[in-house]
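Peer 1: Listed below are the residues making up each chain.
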Amino acid sequence: MSGRFVSFDLGAALKDSFLASLVALGLAVLILGMKTQSGAGQGLDLVTRWGAVGIAMAVVFAGRFALRLYWSYRAGRLPQPGAAARTVGGLREWLARQLRFFVPAVVGLAFVLPFLPFSDRYIIDLGILVLTYVMLGWGLNVVVGLAGLLDLGYVAFYAVGAYSFALLAIHFEMSFWLALPLSGILAAFWGVLLGFPVLRLRGDYLAIVTLAFGEIVRIVLLNWYQFTGGPNGLSGIPRPSFFGLPFSPNDDVMSFSKFFGLEFDPMHRIIYLYYLILLLALATNYVTLRLRRLPIGRAWEALREDEIACKSLGINVRNTKLTAFAIGASFGGLAGCFFATRQGFISPESFSFIESATILAIVVLGGLGSQLGVAVAAFVLIGVFEVFREISQYRLLAFGAAMVLIMIWRPRGLVGERKPSIALGKARAISADMVAEGKG
Amino acid sequence: MEYFTQQLINGVTLGSVYGLIAVGYTMVYGIIGMINFAHGDIFMVGAFTSLISILALGTMGVASVPLVLILTLVVTASLTSLYGWTTERVAYRPLRGSFRLAPLITAIGISIVLQNMVQVTQGARVKPMQPMVTGGYTLMEANDFAVRVSNIQIVIVLVTLVSLLGFWYLITHTTLGRAQRACEQDMKMASLLGVNTDRTISITFILGAALAAVAGLMFLLYYGVIDFFIGFVVGVKAFTAAVLGGIGSLPGAVLGGLMIGLIETFWSAYFSIEYKDVAAFSILILVLIFRPSGLLGRPEIEKV
Numbered sequence: 004m005s006g007r008f009v010s011f012d013l014g015a016a017l018k019d020s021f022l023a024s025l026v027a028l029g030l031a032v033l034i035l036g037m038k039t040q041s042g043a044g045q046g047l048d049l050v051t052r053w054g055a056v057g058i059a060m061a062v063v064f065a066g067r068f069a070l071r072l073y074w075s076y077r078a079g080r081l082p083q084p085g086a087a088a089r090t091v092g093g094l095r096e097w098l099a100r101q102l103r104f105f106v107p108a109v110v111g112l113a114f115v116l117p118f119l120p121f122s123d124r125y126i127i128d129l130g131i132l133v134l135t136y137v138m139l140g141w142g143l144n145v146v147v148g149l150a151g152l153l154d155l156g157y158v159a160f161y162a163v164g165a166y167s168f169a170l171l172a173i174h175f176e177m178s179f180w181l182a183l184p185l186s187g188i189l190a191a192f193w194g195v196l197l198g199f200p201v202l203r204l205r206g207d208y209l210a211i212v213t214l215a216f217g218e219i220v221r222i223v224l225l226n227w228y229q230f231t232g233g234p235n236g237l238s239g240i241p242r243p244s245f246f247g248l249p250f251s252p253n254d255d256v257m258s259f260s261k262f263f264g265l266e267f268d269p270m271h272r273i274i275y276l277y278y279l280i281l282l283l284a285l286a287t288n289y290v291t292l293r294l295r296r297l298p299i300g301r302a303w304e305a306l307r308e309d310e311i312a313c314k315s316l317g318i319n320v321r322n323t324k325l326t327a328f329a330i331g332a333s334f335g336g337l338a339g340c341f342f343a344t345r346q347g348f349i350s351p352e353s354f355s356f357i358e359s360a361t362i363l364a365i366v367v368l369g370g371l372g373s374q375l376g377v378a379v380a381a382f383v384l385i386g387v388f389e390v391f392r393e394i395s396q397y398r399l400l401a402f403g404a405a406m407v408l409i410m411i412w413r414p415r416g417l418v419g420e421r422k423p424s425i426a427l428g429k430a431r432a433i434s435a436d437m438v439a440e441g442k443g
Numbered sequence: 019m020e021y022f023t024q025q026l027i028n029g030v031t032l033g034s035v036y037g038l039i040a041v042g043y044t045m046v047y048g049i050i051g052m053i054n055f056a057h058g059d060i061f062m063v064g065a066f067t068s069l070i071s072i073l074a075l076g077t078m079g080v081a082s083v084p085l086v087l088i089l090t091l092v093v094t095a096s097l098t099s100l101y102g103w104t105t106e107r108v109a110y111r112p113l114r115g116s117f118r119l120a121p122l123i124t125a126i127g128i129s130i131v132l133q134n135m136v137q138v139t140q141g142a143r144v145k146p147m148q149p150m151v152t153g154g155y156t157l158m159e160a161n162d163f164a165v166r167v168s169n170i171q172i173v174i175v176l177v178t179l180v181s182l183l184g185f186w187y188l189i190t191h192t193t194l195g196r197a198q199r200a201c202e203q204d205m206k207m208a209s210l211l212g213v214n215t216d217r218t219i220s221i222t223f224i225l226g227a228a229l230a231a232v233a234g235l236m237f238l239l240y241y242g243v244i245d246f247f248i249g250f251v252v253g254v255k256a257f258t259a260a261v262l263g264g265i266g267s268l269p270g271a272v273l274g275g276l277m278i279g280l281i282e283t284f285w286s287a288y289f290s291i292e293y294k295d296v297a298a299f300s301i302l303i304l305v306l307i308f309r310p311s312g313l314l315g316r317p318e319i320e321k322v
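In order, the protein sequences belong to chains A and B. My numbering applies: residue 4 is where the first sequence begins, and numbers increase by one. My numbering applies: residue 19 is where the second sequence begins, and numbers increase by one.
Bound conformation, chain B alone:
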């Protein structure tokens, strides 16, 4: 029971990171119907800008940890958003209205470019970082096994909650969000009614990248090790989460992220750590066999 609780806490932490990235996938899919394959690498860029920003702030003499984290969050979110915006501008906008596989290929191309750009500029070795947020609380203790929730886990879950709440408010209560939802429902009609669709799509990419940057910072703080290749595995799992929850559905993305995080953690804890990805992918396949549109997705009605 104690072991179970501990794994539950770990799983929710991991799931929050996946959920943040999955939101970016699902939003882009909802609005322009493409898999943004480069999103995982945008997350990786977010993790790297976080690392560099923390180090740079350290050399500038900013010592207080909360201040460093908040400044880093701002820096990484804005710079990574710029990456998201540029990606859309360079690789996806010229192909809007083209046939559906074309942006998929440019997305894979951008993913390769981002990965190798970071590899060339920052080196291929893994980058370790000293833990910044330490300490934690012991929740319960029995049979020599203490259930601990560390401060960094609390920070991750809280930051995720705040980001998602802010994001939810943005989507449901602002003009911008209304434009975004309108484009998602019917791009042509929205544009006829005066919504600047190009701008709305750009903002979607910026928001998605900002959430991915937050996830990148959280990942860096939690694991303390990053390299240029983390974007692929984490990105694929986050996309799996988005599909599991029903692609296009924002609550679905968060739910899917939590599920993938929990499945992965429990599988590693109780069965084998080597096959945790196999478990996550197999569950994805199983869910899709029985619910082809995901857990919370609307079934696609096809008309002739």
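Just chain A, with the same shape it has in the complex:
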């Protein structure tokens, strides 16, 4: 059926848009309309900006009107819900078939990215950033997406990993490759430490306790000057070396460039870091995918769907939850270790709640439990918004708005479908809307 505007009531739409602009007036009149500034004396002065309020009202009016137009257009285009569902289903199946080529293509692209002609330092740095969040998202996906335990303090494990490496490297001169597994193990211990008290908690109680845990870790890092350097953080964290060969222009030592007979180039280290995080992220993905097929992984997913059913089937809920926390945390710790060596400097500022919220948003926007969705969401949220760095003032504003809009557009996430890890015959993916989720 062609797109006809059926039953578009111009008067009602105008009235509705007018009301919306009145709401905008109310919202904007003080916060946007008057700016507080430090005045000549001690107090604050007010500067009025009525023009901005007018613009905001006009934008809201136009936006609301466009939305009404779109709604009536959509109502005219879709003949009946049943047929619509079928076409969407067909499209989805077609996309699912293309997915077979999509994933290897993206992984292949990721592997050759540093050698593509347009890749400069900025692109590779951006790639490192996106991959770090992909890895963190995959790590949190174990806890939230698979085991269904809402964790709002994931950044604490990232911090534990980063500080573990920094302290081990500074005080004991431990190399990156030795400290990497240690960071993961230490973070896993912290995961268990968090897991124990919250075993009996569910849903939002769990959320607030994990949030509190994350804040406690950050506050301790901020205030324990002797150990963590407090707000000044730790600097002088050694840069990574290529299996013992440092990236250095100094010809006296056996450096990476000398060993391979190359001209020294600072890009070598960046490219090395890029491959490091790419491999770490892929390892996270591989381990998670394999774990899902083990009894423990299936227990996680069962726990997410229904805790009582799990108990009655004899699954040890305590161990299942603790392993989920420990494994999720250890991935966070590994990512933190990488973060520390990449930055060379860490401070508690990097581990605030907004990081936890970003990682959780990546997992939920991607679609709980979907490895591909998490990667896509990390790319969209981190990569695309990094591009807007020039208007950094509005960047977070747009970030928050995008979180709201994507969620309203696709409440189940970008890849919101469930495929059973194990099935009799052919495994069929179903839309996540069909799955009732427990209140873990």
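Possibly wrong hints are sitting among the right ones.
[To be verified] Okay, the calculated beta carbon distance ranges per label pair:
hint: 1; chain 1: A; residue 1: Arg203; chain 2: B; residue 2: Val108; range: 33 to 41 angstroms
hint: 2; chain 1: B; residue 1: Arg316; chain 2: A; residue 2: Leu72; range: 41 to 49 angstroms
hint: 3; chain 1: B; residue 1: Ile307; chain 2: A; residue 2: Val109; range: 40 to 48 angstroms
The hints are simulated quantities; they were obtained by calculation from the structure and are not laboratory data. In this text, a Cβ means the ideal position worked out from N, Cα and C, and glycines have one as well.
Based on the hints, put chain B in the right spot on chain A.
Peer 2: Leaving out everything else, chain B in the frame of chain A:
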């Protein structure tokens, strides 16, 4: 003993502010079962509208302090309620009936939007304000230490009491309150019996935001300094208070708010000021280990 009394007074003042915000969290949780993460930032918006309104009234030439405060209270409560209403309308209503993490993410998104909107429009610097309510009474004096209760502390506790009493009356004695409680118990049944559930939920958000605005004004008057980031810390603590008291329970929220305020004040006074948040959060974790549904909350009975 004198020192203790002084800290008790300070703690109750702080606890009142937390209690006012915690009521907003607990009401929203009770009625639609979601953490309204943006509530702390609604409080922050309330503090900012209060500040701007006080300054604007000052430039208009309203000199009498009580009049300024009452007008500001009205202005900030109505404008902040509009923020609460809009938030629900834009970010939560489209997701009603969706799975439970979706509104949590939009709430975090709205929180980021509100914070950065205020940062962009009002600047990132802290906003100091001249103290408006000064003076106070000396209650007792011993060993060179005077226990003082300042006028602003009296105002805060009184305003909190009046707001909570009014709110309690609204919930228990009006048709609106009955509809609100009905939706809290069983949304579907309430809607079958003719309660306009959408409207009731909107009103819940409006009431919660109005109480948060009152808290914002009180915070501004008490501390005299605000910035765009205050919503996060205060919001997390108020939510902690709501959970501590038992989420969904209104008296629990007030009790939890008072407890968090007292814990924080006493910890800062007797131990270390840096770790006061750690103390509040640790007590939350301890309480939840032994009483997973909070102090006054009903234990959730799970049926298969």
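Peer 1: Hints first: check each against the structure and report whether it holds.
Peer 2: Consistency of the hints with the structure:
In this structure the supplied range 33 to 41 angstroms holds for Arg203 (chain A) paired with Val108 (chain B), their Cβ-Cβ distance being about 36 angstroms. Restraint check, Arg316 (chain B) to Leu72 (chain A): a C-beta distance of roughly 48 angstroms satisfies the suggested window 41 to 49 angstroms. Checking the proposed 40 to 48 angstroms range against Ile307 (chain B) and Val109 (chain A) shows it holds: the Cβ atoms sit about 44 angstroms from each other.
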